[in-house]
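Number of protein chains: 2
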Amino acid sequence: MPQLSKKGIKMPASPIRKLVPFSESAKKKGRKVYHLNIGQPDIPTPDVAINAIRNIDLKVIEYSHSAGFESYRRKLAKYYQDINIDVDHNDIIITTGGSEALSFAFNSCLDPGEEVIIPEPFYANYNSFAIASGIVVKPITSRIEDGFSLPAIEEFEKLITDKTKGIVICNPNNPTGYLYSEAEIRQLGEIVKKHDMFLFSDEVYREFCYDGEKHFSAMHLEGLEKHVILTDSVSKRYSECGVRIGALISKNKEVMATAMKFAQARLSPPTFGQIAGEASLDTPPEYFTGVYKEYIARRNFMIDALNKMDGVYTPIPKGAFYTIAKLPVDSAEKFCQWVLEDFEYNNQTVMMAPAAGFYATKGLGRQEVRIAYVLKIDDLKNAMETLDMALKAYPGREI
Amino acid sequence: MPQLSKKGIKMPASPIRKLVPFSESAKKKGRKVYHLNIGQPDIPTPDVAINAIRNIDLKVIEYSHSAGFESYRRKLAKYYQDINIDVDHNDIIITTGGSEALSFAFNSCLDPGEEVIIPEPFYANYNSFAIASGIVVKPITSRIEDGFSLPAIEEFEKLITDKTKGIVICNPNNPTGYLYSEAEIRQLGEIVKKHDMFLFSDEVYREFCYDGEKHFSAMHLEGLEKHVILTDSVSKRYSECGVRIGALISKNKEVMATAMKFAQARLSPPTFGQIAGEASLDTPPEYFTGVYKEYIARRNFMIDALNKMDGVYTPIPKGAFYTIAKLPVDSAEKFCQWVLEDFEYNNQTVMMAPAAGFYATKGLGRQEVRIAYVLKIDDLKNAMETLDMALKAYPGREI
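As given, the protein sequences belong to chains V and Y, one line each in that order.
Quick note, our numbering runs 2 ahead of the 1-based positions in the first sequence.
Quick note, our numbering runs 2 ahead of the 1-based positions in the second sequence.
Wrong hints could be hidden among the right ones.
Put simply, identical chains are the same to the list, so a pair is met inside one copy or across any two.
Here are the simulated lysine to aspartate or glutamate pairs, EDC-like style, with alpha carbons at most 16 Å apart [what the hints assert, rightly or not]:
| # | residue 1 | residue 2 |
| --- | --- | --- |
| 1 | K61 | D44 |
| 2 | K228 | E215 |
| 3 | K8 | E256 |
In case anyone wonders, no lab produced these hints; they're calculated from the structure.
No experiment lies behind these values; they were computed from the predicted model shown.
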């Protein structure tokens with residue numbers, strides 16, 4: 003048989019899906035599995051989006067413009083202008099999810115062998131896109147003891163080589179829930195300017211900021227128009243992950259012209275998804291108020307429940323809908339598998355994502371899990387109670 | 003400003019879109035432009051697909067399985083079984099268009115610097131996907147004088163090096179309309195087996211075969227289960243290019259497991275598109291009879307009209323809905339631009355794709371254009387009349 007590619011062999015399996023066979027078998031045993039492992043919200047998609055789809059009046063589902071419908075890009079530009087991000091529709095390419103936006107950005111800015119620095123733990127698929135594009139991720143460790151705040155700028159500078167082309171951040175952060183402060187974003191701005199690098203900012207959780215904290219976008223940095231590349235998505239904002247619509251945004255015309263060639267190669271983003279995405283921009287403000295209240299209640303409940311458990315610690319996440327918790331176990335990976343395979347409490351069990359998969363440095367995150375608070379409070383209650391009992395019963399307990 | 007990637011700079015602009023500014027300006031002058039440059043059919047999407055979308059009853063538009071809905075994959079497996087392609091749902095990954103299927107295949111099977119052989123002229127985006135993946139395309143020339151039939155196997159063997167990992171074909175072919183015979187596919191089968199390579203077969207035009215010719219799929223080859231990788235799409239079959247749904251199909255479990263890691267990285271294919279694609283499998287047979295009749299009438303009319311023009315030659319395409327025509331001009335590129343910029347006949351003009359963009363070998367296709375017969379007969383009549391007049395008036399005419 004012909005050989006597979008080395009990069010294909012190197013591609014990691016998704017850390018949030020590795021345990022799927024065990025959750026399937028738990029379900030086969032009749033157990034209720036609480037899914038805290040994946041960022042699939044249970045919040046309804048806005049009616050305006052669903053209705054736009056139900057009312058489509060098209061005879062031929064044609065390719066759209068490779069950059070996406072102009073009407074959508076114009077309306078989306080308005081959304082950004084309203085949050086003081088000064089772009090017009092020519093600074094936007096509609097993509098197939100935020101994933102494709104990052105692929106276009108990597109392919110447009112980096113050649114195989116070149117490097118990006120990413121604070122770890124980070125969204126595991128950044129690694130996959132890097133491998134697909136042949137680029138190298140240099141992790142810089144943020145620590146649970148520091149609440150996952152930005153590592154010191156000197157630490158970044160130590161990692162910069164002549165192959166370094168940029169820094170990637172996710173703000174608010176998946177998997178930590180950390181919200182970067184304006185001061186931190188400005189520090190990143192200084193360093194990318196000083197070393198003439200790109201700043202790739204993934205801001206798909208922009209609307210999910212808690213405790214009165216304000217989101218400061220990398221696009222708010224003055225004088226960095228050539229450096230900042232924003233990736234975005236409608237998935238979480240409107241709870242419509244399945245529409246697969248994102249966007250690549252930059253004031254750097256050369257980057258956008260190059261990304262456009264990659265966009266043309268794949269012809270166009272999905273038509274129906276664009277219709278839903280465009281309609282979603284008319285979502286009434288009450289929707290977001292409701293979503294905000296729901297998430298903050300969930301977060302408060304969950305963080306409190308976790309920190310009350312003996313030997314468990316998690317910082318208070320200020321954004322997104324994830325937290326990383328440190329558990330008193332020998333190995334979070336073994337523990338997560340054990341909970342699904344060998345444990346039940348009132349015929350329930352929980353599925354979490356072992357955090358080691360979000361670190362690029364081997365050995366880190368051994369005792370940590372990522373938990374997504376994407377379930378209703380009642381379900382979260384059951385899930386937390388189950389987790390507490392599991393920790394007490396786990397044979398590999400370790401403080 | 004930070005530098006762009008070399009691969010980004012190397013990415014070609016789409017050959018079918020280069021002339022867009024000229025067609026826009028022709029439209030601004032009030033001229034009717036007949037679009038023969040792009041494979042966007044005017045055929046209505048089947049009602050079953052549109053209705054499935056109009057009747058969706060979902061509260062949350064969630065991610066689907068990364069390989070696509072199981073129900074869709076099972077039904078699609080049945081479609082293949084009905085055309086004697088022996089696959090089940092585990093041999094299928096639903097992708098975002100045929101484009102993504104080819105990207106997954108390239109990334110799973112080839113590392114940067116490795117090579118594929120592709121008969122030219124070929125679908126220009128194969129080049130783009132190759133550049134994005136860092137792989138090298140070795141073109142093998144098929145000639146208009148031979149009706150674009152498969153080059154001799156000895157010619158392939160001359161191109162094979164220790165870096166060659168596979169051969170890519172498109173059957174029926176875009177841009178030539180050539181339908182490979184069973185004997186030709188068997189020859190390709192022999193050579194990929196002998197040299198232990200992959201055969202990447204893009205069969206998105208499978209249903210578009212004329213004159214009683216039967217499609218012989220690379221998947222029909224016996225004993226080549228580990229070698230053959232099929233890419234497919236619903237775009238042309240059901241005239242629903244905008245849904246962005248394709249598929250990667252192979253009996254090679256290792257390839258599929260590797261492709262699945264790339265699929266997981268981008269989370270899932272579009273939900274609405276999958277709903278339309280799945281529903282499209284219930285398209286009644288009359289739809290295809292109607293489409294077939296329409297295309298064969300268009301083809302016959304157009305080929306006849308072209309070959310009647312003084313100095314023009316085109317072979318009779320047996321599949322897809324394109325043909326390559328050789329024109330009596332100094333440069334098809336200049337001619338196509340001139341027709342849009344400086345010519346009108348009854349206030350009409352035509353847009354064609356200069357064929358040079360479909361050849362990887364510099365200098366080839368200088369006098370050739372690709373013409374898509376995706377317009378109604380009446381429009382084709384006007385378009386052909388306009389082309390005839392343009393050829394007569396063109397200052398760079400050359401026999």
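Open item on the list: Which constraints among the numbered hints does this structure fail? Numbers only, ascending.
Closed with: Going through the list in order, the structure violates hint 2 alone and respects the others.
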